[in-house]
Amino acid sequence: MAETNCCCLGDATQARKLQEVIEKYKGMDGALIPVLHEAQEIYGYLPLSVQKKISEELNVSLAEIYGVVTFYTQFSLNPKGKYRISVCLGTACYVKGAAAIIDKLKEKLGIDVGECTEDGKFSLDACRCVGACGLAPVMMINDDVYGRLVPDEIEGILKKY
Amino acid sequence: MEMVNITIDTRKIQVPKNYTVLEAAKYANIDIPTLCFLKDINEIGACRMCVVEIKGSRSLQAACVYPVSEGLEIYTQTPAVREARKVTLELILSNHDRKCLTCVRSRNCELQKLAEDLNIKDIRFEGETYKQPIDDFSPSIVRDPNKCVLCRRCVSMCKNVQGVAVIDTMERGFKTIVSPAFHKSLDEVPCTMCGQCINVCPVGALREKDDTDKVWEALANKDLHVVVQTAPAVRVALGEEFGMPIGTRVTSNMIAALRRLGFRKVFDTDTAADLTIMEEGHELLERIKNGGKLPLITSCSPGWIKFCEHYYPEFLDNLSTCKSPHEMFGAVLKSYYAEKMGIDPSKIFVVSIMPCTAKKFEAQRPELSSTGYPDVDVVLTTRELARMIREAGIDFTELPERHFDDPMGEASGAGVIFGATGGVMEAALRTVAEILEGKSIDNIEYTQVRGVEGIKEATVEAGGMKIKAAVAHGLGNARKLLDRIKAGEAEYHFVEIMACPGGCVNGGGQPIQPSKVRSWIDIRAERAKAIYEEDRSLPIRKSHENPKVQMLYREYFGEPGSHKAHELLHTKYTPRENYPEK
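As they're listed, the protein sequences go chains A and B.
FYI, in this note's numbering the residues of the first sequence are 1 to 161.
FYI, in this note's numbering the residues of the second sequence are 1001 to 1582.
Chain A with its partners taken away, still in its complex shape (with noise of 0.2 Å):
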């Protein structure tokens, strides 16, 4: 069962941002995917209360909603680190080892792809293809990237942080 920590709309800014974003979408067709990046901008992840809170204002079930929340890796379900890493595992990173550089990651942050640290410290995400393959492994640290990697720098990498 997927859980979320969160269980309110986030501070008075973040609740009026995501009312202003429903308001601009409100009655198009198609507005859940717009409504729906927007609001993981606000919040920087989409919990049960925000998709709840859609669900209601756009009238779709949160059924649906989840749905397509789940269908685009896009779109997620857990709060995001203040410090993003992001493992390229396009193909090139993933030839060049860019698997081993995850498992030295989920090892030294204790936790699983997807999910952030309990400090909310830091992030961990796969991700396609950044366009650095010449640098392959890469991986991104919210706009900082890193190329070339070999698993034992990881440990030095996170100490910058």
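Hints are supplied without guarantee of correctness; some may be wrong.
Covered by chain B, per the in silico footprint, the following chain A stretches (three or more residues, Cβ under 8 Å) [stated by the list, open to error]:
no.	segment
1	60-67
2	79-90
In silico DSSO-like pairs for lysine-lysine, Cα to Cα no more than 27 Å straight-line [said to hold, decoys possible]:
no.	chain 1	residue 1	chain 2	residue 2
3	B	1175	A	52
4	A	82	A	17
5	A	26	B	1480
6	B	1159	A	26
7	B	1113	B	1175
8	B	1265	B	1340
9	B	1486	A	52
10	B	1175	A	106
11	B	1099	B	1516
12	A	53	B	1159
13	A	52	B	1480
14	B	1131	A	106
15	B	1175	A	80
16	B	1159	A	24
17	B	1480	A	53
A short list of chain A residues far from chain B (calculated; beta carbon distances all over 12 Å) [claimed, not checked]:
no.	residue
18	22
19	29
20	30
21	56
22	115
23	150
It is worth saying that the hints were derived from the structure and are not from the lab.
By construction, the Cβ of each residue, glycine as well, lies at the ideal position given by its N, Cα and C atoms.
With chain A held as given, fit chain B onto it using these hints.
Frame of chain A, contents of chain B only:
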């Protein structure tokens, strides 16, 4: 209707222009296999079982969604078609949980039938499988995703017909699953437990919570006085489980089989339906007279009640406070009957045979235990009863003639018609109109409220009063009707709502007819026909003329709406939160 000329397997035929290839083939009596298709409910061309060759078309086309056009040439049995269907079926089977021997749908499974029809001897592929947990937390419905073929018939039924939409497809690829949001249990989401999803499932992925073991155990317990009651819709459908035509009345066989199973008494819930009419009719007249909350809305359908509690709490005060008939009967059995027969109510075990899965949930409601014991101990669906009859080795077709037991024996025709949409309304009108007129009325068939139209209206004049009535069946139609009332666009005195399309005859606990039957025959109408036949066959057709009901008031309740009646026959409702966040 404009017609077009088409050729199907070299036969030239004329069909209406709006037909699909599948409908045209059906018209020409040519069988095309289908799996995800269910007429008017799920026409999405997803499973590809129904592919055919169309002259001039590059690839095979799904017959269920391909429209006919002038001069169309269709081939339903070419080698390419046969091979494609076989491969598709093998792929569907490649990750299916193939434990047919212990599957509740064995011998009534559309997938199993396809494998047989298409002569599948070996499955060449082994698909990636995930062992998914079985969701059996709901008291009514069990979900087994391992058996699911992702046809989406249940999703469409829940969303498009019932307007409930608690299940949908989640995730993607091999991990795709039909489930409630956040992989919750059906028990944790605003599911009405109507069970319509079960009735449209082609396989064993959705089924009722089987409670037959509890009944076998009770029957074997010599300390218990185990009695059974049967709802009106059961007798017009149970025969289907034993190969009889849809709409066969098997009242006598059913009673005889229940006796053989060992029930001490076999009662007719229709008697309690008559009792419901007395209480509800009284309630209606009271509310009209004293300016009470109107419209009064019927409360017999537990799927509707749960729907109202979740989605329309503003109408809870409109609901009749009457318990549903079988719950009333349970309370009467554990009070009046217990006293009369000198049996300790704690030793009375009441089993209800219902066309309904929502009644399993209803029976567990804590407020429905007026005597200190649950009014009803176990609810079995029509299908579960059939299972018990088979398990006991009873030849259902060869049984002696039997009648319901006293002291609550035969009921009125008004009680019988509770089983079809409009029936509760008609039964109530038969009594209320006579009370208002102050004399017997001969024409008692209110045909305006019969039939399968989604929302029906009637105005009945009696005693100088005009009673405006409306009937909705299927929760999607209930939504439409309630929204109209809410918006002030319609005004009624009395509204009947049943959760299932067609009413109880098509309840979530009724025998399952495959898409091949359901798509082309209106089983709601066929079973309802039998209900109205039974009504016409009975000597007494008005609830207030039922001598058993008169006896109950004389000996026990005094009059409708009395203090004692309120204690035992009425209940209350609670708003329910949707998707509570802990």
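Which of the numbered hints above does this structure break?
2 and 21
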